[in-house]
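Fit chains B and C to the given chain A structure using the hints.
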Amino acid sequence: MELYELNLSDAIQGLKDKKFSASELFASCKARIDKLEPEIHAFITRTDSTPPAETSGLLAGIPTVLKDNLCTKGLRTTAASKILGEWRPPYDATAWAKLKEAGAVLMGKVNMDEFAMGNTCGNSAFGPTRNPNDLSRVPGGSSGGSAAAVSAGYVPFSLGSDTGGSIRQPASFCGVYGLKPTYGMVSRYGLISYGSSLDQIGPFARTVKDLQLVMSVISGHDPMDSSSFRDKDHDFTHREDVSVKGKRVALVKEFQSFTLDAPIAEAMAKTRKVLEEEGAEIVEVSLPVVARYAVACYYALAMSEAHTNLERYDGVRLGYTVKDAAGIKEMFERVRSYGFGPEVKSRIIAGTCLTEPTRCEEYYVAATKVRTLIAQEFTRAFGECDFILQPASPSMPWKIGENDEDELKGYEADLYTLPVNLAGLPGLSFFAGYAGNLPVGLQLIGPRWSDPALLDTGVILERHLGSPKIANGGK
Amino acid sequence: MPELTFTPVIGIEIHIRLKSDSKLFCSCSTNTDAAPNTNICPVCMGLPGTLPHLNHRVVEQGMLAGFALNCGIRPKSLFFRKSYFYPDLPKGHQISQCDLPITTSGYIEVHDAEGKLKKIRVHHLHLEEDVGSLHHSASDGRLEGADTSYVDYNRSGTPLAEIVSEPDVASAAEAVEYVMTLRRRVIYSGASDVELEKGMMRFDANVSMKCSDGRWGHKVEVKNMNSFKALERAIEYEIKRQKKIMLQGGEVMQETRHWNDAKGVTSASRVKEFYRKFIVEPDLPPLFISQEWIDRVAARMPEMPDVRANRYVNEWGVPQEVADVLTDDKNLADYFEACVKAGANPVRAAHWVRTEVLRVLNERGQKIQDFAMRPEVLAEVVKRVDDGKLSTTQGKEVFDHMAANNSSLDEAISALGITEGGVAGSALNEIIARVISENPDVLEEIRSGKDKKGKKLKFLQGLVMKETKGQAKPQEVAEAVAEAVK
Amino acid sequence: MKLTSEQVNDIALESRLLLTEQELAGATRYINNFLDMLDRFKELDLKDVEPFSFAEAIACPLRDDKVIAFADTEAILHESAHVDGSYFKVPRIMEGE
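Protein chains in written order, with the working numbering: chain A, 1316 to 1790; chain B, 59 to 544; chain C, 322 to 418.
Simulated from the structure, these hints should not be mistaken for lab results. Do not take every clue at face value.
[Claimed, not checked] Here are a few chain B residues that face chain C, going by a calculated C-beta distance under 8 Å:
#	residue
1	Ser80
2	Ser85
3	Ala93
4	Asn95
5	Asn113
6	Phe143
7	Asp210
8	Leu345
9	Phe346
10	Gln349
11	Ile352
12	Met523
[What the hints assert, rightly or not] Computed far set for chain B versus chain C, every beta-carbon distance over 10 Å:
#	residue
13	Glu61
14	Pro100
15	Gly130
16	Pro343
Keep in mind that this is a model prediction, so the values were computed, not measured. Glycine included, every Cβ here is placed at the ideal spot set by N, Cα and C.
Same shape as in the complex, but just chain A:
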């Protein structure tokens, strides 16, 4: 067995037991990256040219990668956009600062859809990333690079961000575990904003236990993020003696008539059976507002927030710029027109349009009210159940270049993930087996702050459904 194949907790144990050194682990991961990266193209910036200095802490010597919308002091951070140019942030994102403090070693910054807008990782100024399980297919997005890097054995864990499914969908496409934590659980300071009220940073790993380890490091209050919660203590300790006996796991009534790709429907049935055998009760909850309005509500709000988050890119203080503009307006127009990709431009225009005074009540304000209804609907549902089980995506990973024409159809594919962000809930994307060489992932959702309980349940599911293998490019 090669060292890069070790999952996070085994790598930590091996280093502690001195079975191998941090530099051997680093070398093994680097060799793995060197071998597969020309095909997978997960990286935007690599930082593994020289072996790292010795570190200490829970994650001492553990290689990792970060989605390139997490700020790293002195290291280029692009959000996969031309507009950020060669920008090197003068500060670290809090989540990365915590990992670094715990001893983690950065191998690089990985690919994503530009400003996290997309679900294929193909909408990047640096070109698409390929799914390590099948190089002709997308890894999912927007955190496709983070998912692919863990799936391909580059690193045992990574960080991504999830605004409407950007951790859970690529986790399921790549065959790894991914957690979108409760909104407010992980500091957003240093995460380049897309939809601020929806964004949340979370981990990818190849076991549930590894997610627990990473969450124990990155969660917690941060005074730099006013939306991060204080007075909340979360125990992410891994336990084997967990049970779902007597727990009510719900299926959403309205989703039952929607079409799923066959392997996903089969995985749902299999998972349901596992839970029942473990003593959980399968119930049904009704989410009519979610089913019909969540997609529209989500995009209205995400774009309204996004267009204001993207107003700061004007070429004055950082990133791509022009030096020969005749006036300031011309400078802003040239910088933004060249710097943003087409999907980002469309969303900026849509967001601007929705918040114009003539349309604001009709669209933006209406969406904020629909969001209230959606949050209330989930609160009611969690009065009747402990968790909700549903797909992370209705489709298996599609071929690169497919589904590119009709953006809105692509948006509908996010129905299973984005309501979770609207209500600020945690969602676990878990591995549920293979269909051929492609992994199938599903999603378990809980009420706010149920992240530890979700992961405990994930441990049981992993025990029965198995852990994913490291992907070899479909070979």
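This is chains B and C only, laid out in the frame that chain A set:
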């Protein structure tokens, strides 16, 4: 046909810098005099990934300023993003409480054209962040060609209160009184120093005209006034301009106009104004203010200047004009009250502070805080003059000597050669003059030669001795009175 | 069609975006489809619904008024191609901007 009359309808928006050490949403210093772009950080530069973090003290400053305008405090207020593109605005939007502000409505009293008090209603006060500053010449002062601008972000993110009035102002004079009274009250509250020369107060005015024939002109927003004078002139200009248009049967356009202080005119701005609805700032949860917190801050509110001035007039008999001057500066009024507390007669102390203390301060370009003479010492001088131990002239000499040399009262008296413990010289002469002037018939008798036995002269000498409370030498009194009646 | 391509172009300019003809056509189609999708909101009675602000009644945390200077302002300035001396030098702001 009856002559048409016009009534101006004016609303005023004021931006005031609130006093704090650090900025509204980050820990950078608010010192805008620092070298350019030194008081900056990732947050106030709007760098990607950064988030705002609200300053506790600024919230309280907003509450204090609100109290100064007779506003209530809202238990829940919100922040919004107000979008526009400009190089001095790092995020491309300003974080502002515009839609759900920290205060409810209030008012400021001013005098109308007939001298009667009227209320100018304050719609609300809200908190927001300031933008950076733009310069059109290089740091070395050298003027560049007109093709570049220089941005300094030190001011970016410093805390502002925006105060929006109802359109209750009817003249430029009312506008000026409104902003002056408002400024004084805000300074008193401690919310801001409102130093005008540092640009801590900026004005916009909405001016429209109502005509006696029922026509009502459109509202014109006049921007770019940075002094009381500019505000007054801009409003006067705009009233005249709109009246002329309406008299000629024209229609006043709804537009934004800029005040050009050098030319003394307003001119239409060609900038297209976007009235964009604000979105809720998703990075800041609602600001909740408990009644207990409101009470705690309200307890810190000092007596307001107009209330204080009225007290001086009504309780102590200080003339209104003097009371207004004393209360214009809270520290000066505090100084005056300390004098009274130390035993000085309020009316006399008021005049001393009004004339002598202010004269010295003006000469030196100092503030009362810089004045070394303790109020208790000034009170002693006032008392001695009152008691006749020092003549008014001597008192002023002593005062000047102490102020100039930073000396004690005793040092000043001995340095000036004023006899200690006795009434002599000019002090004695003042008493004699007063006694004589109060007894014109006695003087007349002496001068007409009727006082052959010198009884009347002795009578005057006795009165003078009594006035000096026995502190003068009888021989001196006798000689001086004899001399005075000649 | 709710919005013409001219209207979409105006919104783009307001966002400081210059669109090619192809981009404009794409954006116009995109926005109109999107607004159609949002029309679903009209099926709901939202009159008495509070707008959502935060998932829980969380109060805005407050910071002490303490100055902590940022250590590396040079690193901020270093990232701009427009820094001239200690200022950011930008093209002239023309009237109408």
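Checking hints one by one. Is Leu345 (chain B) an interface residue toward chain C, by the C-beta closer than 8 Å rule? Constraint on Leu345 (chain B) satisfied, holds at 5 Å.
With 10 Å as the threshold, tell me whether Gly130 (chain B) passes as away from chain C on beta-carbon distances. holds (19 Å)
Minimum C-beta separation from Glu61 (chain B) to chain C exceeding 10 Å: can you confirm that? With a cut-off of 10 Å, Glu61 (chain B) remains clear of chain C, as the shortest Cβ separation is near 39 Å.
Against chain C, with CB atoms and a cut of 8 Å, does the hint on Asn113 (chain B) hold up? holds (5 Å)
Exclusion check [Pro100 (chain B) not at the chain C interface, CB over 10 Å]: violated (7 Å)
Agreement of hint Gln349 (chain B) with chain C interface, Cβ distance less than 8 Å: violated (15 Å)
Measuring from the C-beta of Met523 (chain B) to each C-beta in chain C, is the shortest one below 8 Å? violated (64 Å)
Looking at Pro343 (chain B) again, its CB stays over 10 Å from all of chain C? violated (5 Å)
For the restraint on Asp210 (chain B), tell me whether the closest CB of chain C is nearer than 8 Å. Asp210 (chain B) check passes; min Cβ-Cβ to chain C is 6 Å, inside 8 Å.
So, Ser80 (chain B) near chain C? Judge it on the closest CB pair being under 8 Å. It holds, given that the least Cβ distance between Ser80 (chain B) and chain C is near 5 Å, below 8 Å.
Measuring from the C-beta of Ser85 (chain B) to each C-beta in chain C, is the shortest one below 8 Å? Result: holds, 4 Å to nearest chain C Cβ.
Quick check on the hint: Phe143 (chain B) CB to chain C CB, less than 8 Å? Cβ of Phe143 (chain B) sits 6 Å from chain C, so the hint holds.
Hint compliance for this structure: hints 10, 11, 12, 14 and 16 are not met, and every other hint is.
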